[in-house]
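Trainee: Same order as they appear, the protein sequences are chains A and B. Residue 5 is where the first sequence starts when you use the numbering used here, and the numbers rise one by one after that. Residue 0 is where the second sequence starts when you use the numbering used here, and the numbers rise one by one after that.
The set of hints was computed from the structure by calculation and includes no laboratory data. Watch out, some of these pointers could steer you wrong.
[As the list claims (entries may be wrong)] List time: in silico DMTMM-like cross-link candidates among lysine to aspartate or glutamate, alpha-carbon distance up to 25 Å:
no.	chain 1	residue 1	chain 2	residue 2
1	A	Lys150	A	Glu135
2	B	Lys126	A	Glu135
3	B	Lys126	A	Asp159
4	A	Lys223	A	Glu213
5	A	Lys80	B	Glu342
6	A	Lys150	B	Glu342
Since the model is a prediction, treat every value here as computed from it, not as a measurement.
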Amino acid sequence: MSQTDDHTNNDQVDNGHVNNDHVNNYRRKFLGQLAAVTATGALGSGLVLNNFAQARPADEAVSSNVRYGLLIDTSKCGNGCDACVKACNDENGLQGFDRPETDAQWIRTVKLRDKSTNRTVSLPMMCQHCEFPPCVDVCPTGASFKRADGIVLVDKHLCIGCRYCMMACPYKARSFIHEELTGQVQGIPRGKGTVESCTLCVHRVDKGETPACVEACAKDGHKALIFGDLKDASSEIALRISKEASMQVRGDLKLNPGVRYQGI
Amino acid sequence: MAKIHYREIEGNSINYYILLGFFAVIIAIALAATYYMEHNGHHVTGMTNQIVWGVPHVFAVFLIVAASGALNVASIASVFGKTAYKPLAPLSGLVAIALLMGGLSVLVLDLGRPDRLIVAMTNYNFKSIFAWNIFLYNGFLVIVGVYLWMMMEHRMNKYSKAVGFAAFTWRLILTTGTGSIFGFLVARQSYDAAIMAPMFILMSFSFGMAIFILILMGSYAGTGRPLGTAVLSRLKNLLGVFVAAVLLIVAIFHLTNLYATEHHGFEQFILLNGGIYTFLFWGVQILLGSLIPLFLLYSPATRESALWITISCVLVITGGLAQMYGIIIGGQAFPLNMFPGFEVSSSFFDGVVNHYSPSMPEIALGVGGVAIALIMVTIGIKVLRFLPLSLDDAIVDPHYKPATEETAESEATA
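So here's chain B without its partners, still in its complex pose:
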């Protein structure tokens, strides 16, 4: 591989400032929405005493999960020694930090008492996976920060493999922790499963890769720097493998539940008669977010096209958000099984499917988290040398040949 030259982007164009302004406006709206929700109390949101985590959590957990996945590109380069990914490693680290910051911002701003963040930082109950996650998130930011330093400072390059290995291990533990937030909930039919942790890890691979590809393509198109098909082809093939892996673990999750009679009620709810949740599962998560992108990423007619790769990534992200919505909100909508064998009713909505309709402020806060992540990346690539001047095929992989059917298949199975 030829020597890679990293350069800051110029960032002086009118389009650059329009983009920054656009993100800034979305963040301002999110902050205004937060003020509105915190000032009036959460009764102005769609959240209730039945659905206690709403759309902000969907975005927050999605971004946090995607953050660790975005780091995979760097890990493939430094941990698994795949040199073709090395030019992408710094951007991978930046996107990882940015996504985590975006997700955490949403999580914190949706607290009942965000002003007590200091309490969360100074009082720990170490039996709580939530408390562990506070360490895992903060630690991730520090480790990836150090990792970026090792990669971007020439003198420190020799340590980048070791730190990269630490970052890779840390990110696996982090996503295990995020999945376990749900896995450890013994009370609810929808959670309480060890498979939540590996499922979240695979989801992170998929969501993080889709976001990374979009940011990569966006920044190269925006700056006019060459982005060859060698890089894109590898990334999209990996994305396809990750999407398939998520499909597999989702299938295992539901098949295991279907085998146990006690879970039939919940499975019926998600798979058959759960209304919006059933639609989100089959229509958005499975069809739109998994099967169609898989087809697009491997079909000879579309697999080489930047446009179709972009569409695939957007679909994977849409499917991911739907999956997160189903897990977080669908899981709470399904009633607690307090009295098996009984029909239950009360003034507190026992025994009924809980109602939730997201409010505009919640959506604004969630989207604001995405904008926080993207503005960090947009500014980051202008301030520091995250992006290679060129990712042309001749530089990344001189031996690369556009994929024939056989090579695409062998890469996909590799």
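Extracted from the complex, chain A is given alone in its bound form:
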């Protein structure tokens, strides 16, 4: 500023009113530049802030006004059908290594036979997305977490592979990755030494789509799986659950799973 002041004083002394225009021009230019710098700064910081806003963890943007869940009508489950299992494996890139004891299974077909009546039932079993998930309770690092919309996930950056969640899950829903993986599907983080399970196809749900298993079941004409918002009274899943009998597996544990079954 001192330089500017000196310059201005000299102009006034030496060149009269012509110099006043010069001064005004100079001031205009200076103020203009200042405004430009300020505007750039403001815009720039705005952009930076905007970027921060977009980089916030996905779970913070998720609303707890929604609770996603599944209703599984076992009476509609096709005999020997494994369309949901195949769709899950394809969607999430779960390739096996021909080692059934260590290969990851996010969804599996469970066959039940009533010991007293011999009645048989077949149903898909996966992460039940509990309201009070024991896996989240026991996880030492907080890698196992529940989104506000009820989807239970594993943060692949925090999982240390202690496998305590697998000890705690009443549904055997989780798999530990026992070997190096290659060719993972983009957007489905998976890796050796960490634990994973059904994500309820969170990448599809966030785009407003339904999970791959639900889509495949409908495509096959069974429509045994219904996906939706349990809190939305007008959704098909909420309407069905309010009118028809359904059950929670291990309901005695009071974990309030987001997955309900009919016909067991």
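Please arrange chain B on chain A, whose structure you already have, making use of the hints.
Mentor: Frame of chain A; chain B shown alone:
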């Protein structure tokens, strides 16, 4: 009691270096096994998606539990004021730290991502008993370290009782935490019981004492320092009481389960038709690891013999490992009861007894944890003054008389 003189061991003999070399080789093998498992992934181990905690956890939890038990000798001296145990207190602290380090090493090296240890140290979910245990373990190392300082630094002796009390309280909480890792698992028939915590505390008394007696006898035999029967007799009698206490709580655990119909399946599995797990329970844990040592420790024919006391300790440790194997692996082998009243089958081994056969790398890692503990003790007693020059009867307890039947019984019931 005469004044106790503590001295470092010389540690210059060829045998000392052979011992160090032996432990070092076992640790090297364990590290190689860890590299092999971590490089290839856990599919090269016996662990699966059904049995997620294998032999390394058996060793790790055993060592961690034994660590807190090893501290009891020091606690008896400073908390309960039994002066006869005072000469043993520094070694007790050292063994406690060493066993915990050995156990934690195995636990960490068996993680899916041991490279993320820093994550476990910086991210805590305080609802997780596992997270609490990280604090309990680290805190134990610090408190016992300070306790050793108070005991071994003459100027600080006056604080040793207070710190000893803190260490004793901490170790009880620590073992409660370790037992609760299993006690808090609501999903599984084999766990989900508050009795897990006190059971682990009693197990720690027993396993820790057996290991402590072996290390004490080994180091005195190796250095040629006198170890009188007064010390040994007290320790082995205590061991007997602890073994009996574990038997009692194990009996309560199973009797309570047997009373509840919902647990009959699990009890049948462990007690009757569980194959290896039934054998480990009756054959190793109960007979070999409890009843036979109890007999040996109190029978007039064997109770004074250093050899039989050694054998008893080895048997208690063997029984303890079998018990840990039954709890950790047997507990996972028994299928989850997802659909009561139904026969369940799937591609993910639902409804069947899960198969597990330990692999060599897992065993190597587990044994490596034991070697880490023992090498720490071996080096520790050479570097610092943990061991009294003599634990002769005349020094420890001049009034000690070799046990007659009556004195042995009165000590056992005391």
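Trainee: All the hints need checking, so say for each whether the structure fits it.
Mentor: Evaluation of the provided hints:
1. Among the hinted pairs, Lys150 (chain A) with Glu135 (chain A) is consistent with the structure: their alpha-carbon atoms are about 8 Å apart, no more than 25 Å.
2. With a CA separation close to 15 Å, the supplied pair Lys126 (chain B) and Glu135 (chain A) stays within the 25 Å bound.
3. Between the alpha carbons of Lys126 (chain B) and Asp159 (chain A) the distance comes to roughly 17 Å, so the proposed pair stays at or under 25 Å and holds.
4. Between Lys223 (chain A) and Glu213 (chain A) the CA atoms are separated by roughly 14 Å; this keeps the pair inside 25 Å, and the hint holds.
5. Between Lys80 (chain A) and Glu342 (chain B) the CA atoms are separated by roughly 20 Å; this keeps the pair inside 25 Å, and the hint holds.
6. Restraint check for Lys150 (chain A) and Glu342 (chain B): the C-alpha separation of about 31 Å exceeds 25 Å, so the hint is violated.
In this structure, the one hint that does not hold is number 6.
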